[in-house]
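Given the coordinates of chain H, work out where chain G should sit on it, guided by the hints.
So you can see what is in the structure, the chains are spelled out below.
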Amino acid sequence: NAGVTQTPKFQVLKTGQSMTLQCAQDMNHNSMYWYRQDPGMGLRLIYYSASEGTTDKGEVPNGYNVSRLNKREFSLRLESAAPSQTSVYFCASSEDRVGEQYFGPGTRLTVT
Amino acid sequence: EDQVTQSPEALRLQEGESSSLNCSYTVSGLRGLFWYRQDPGKGPEFLFTLYSAGEEKEKERLKATLTKKESFLHITAPKPEDSATYLCAVQYNFNKFYFGSGTKLNVKP
Chain H
1 NAGVTQTPKF QVLKTGQSMT LQCAQDMNHN SMYWYRQDPG MGLRLIYYSA SEGTTDKGEV
61 PNGYNVSRLN KREFSLRLES AAPSQTSVYF CASSEDRVGE QYFGPGTRLT VT
Chain G
1 EDQVTQSPEA LRLQEGESSS LNCSYTVSGL RGLFWYRQDP GKGPEFLFTL YSAGEEKEKE
61 RLKATLTKKE SFLHITAPKP EDSATYLCAV QYNFNKFYFG SGTKLNVKP
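Those protein sequence lines, which keep their order, are chains H and G. Mapped onto the numbering used here, the consecutive letters of the first sequence carry residue numbers 1 to 112. Mapped onto the numbering used here, the consecutive letters of the second sequence carry residue numbers 1 to 109.
Any given hint could be a false lead.
Here are the simulated DSBU-like pairs of lysine-lysine, each with C-alpha atoms no more than 30 Å apart in a straight line [claimed, not checked]:
no., chain 1, residue 1, chain 2, residue 2
1, G, K108, G, K79
2, G, K63, G, K104
3, H, K71, G, K42
4, H, K9, G, K96
5, H, K71, G, K96
6, G, K96, H, K57
7, H, K57, G, K108
8, G, K57, G, K79
9, H, K9, G, K104
10, G, K79, G, K63
11, G, K59, G, K69
12, G, K68, G, K104
13, G, K42, H, K57
14, G, K42, G, K104
15, H, K14, G, K63
16, H, K57, G, K68
17, G, K42, H, K9
Just so you know, the hints here were simulated from the structure itself, not pulled from any lab data.
Chain H with its partners taken away, still in its complex shape (with noise of 0.2 Å):
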């Protein structure tokens, strides 16, 4: 099992460019996530999906969509990238909406 898949590992975007985060798992999850994670901010929840068919917003959604294509697959997508979104991004995963996530390796994004 490779368990939770994100592509691309780096990316480098100007300012007002767009681009989209893809993220997949093969665990058989119903839930899955996208957060950021800034210097001394910790992780923070952008949007997530409870099932199949479902997205909500997190605690810092602005600036971003999602997309839950399938039960594998949730992408994040940036429509205009700011400087302010320069990140790393993560993608995890949970087999219900209550108990532990699984991760992915990470996105750094860059917005010059």
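Okay, now just chain G, sitting in the frame of chain H:
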């Protein structure tokens, strides 16, 4: 207002020197408290889940405990390979997850 506070921010230990990391939380209606280990450049790795006060979980040199307002991660006789950042997270409601900023542990041989 911080929901989860971890202390200390950094901890340096000699190999074999036991210690504890603290995670205090202010949320009510806790659904779960989670401990993770994160190595540089990698995603957090799940360690323990605690659901109710008095609960304890143990794995190798690590033991996690939970009270009504805080959790401790006890490290017994640590080795250099235990060096990492340890993260605490709390969940309340289905969409409320809060992570602490972590404790960076450095174990010297």
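Each hint tested on the structure:
1. G:K108 to G:K79: holds, 8 Å
2. G:K63 to G:K104: Distance of about 17 Å is within 30 Å: holds.
3. H:K71 to G:K42: holds, 24 Å
4. H:K9 to G:K96: Holds. H:K9 to G:K96 sits at ~27 Å (cutoff 30 Å).
5. H:K71 to G:K96: holds, 21 Å
6. G:K96 to H:K57: Measuring from Cα to Cα gives roughly 10 Å; hence the hint holds.
7. H:K57 to G:K108: Violated, at about 42 Å.
8. G:K57 to G:K79: holds, 20 Å
9. H:K9 to G:K104: holds, 24 Å
10. G:K79 to G:K63: holds, 15 Å
11. G:K59 to G:K69: holds, 22 Å
12. G:K68 to G:K104: Since the Cα atoms of G:K68 and G:K104 sit roughly 24 Å apart, the hinted pair holds (cutoff 30 Å).
13. G:K42 to H:K57: holds, 25 Å
14. G:K42 to G:K104: holds, 14 Å
15. H:K14 to G:K63: Violated, at roughly 45 Å.
16. H:K57 to G:K68: Cα-Cα ~28 Å, so holds.
17. G:K42 to H:K9: holds, 11 Å
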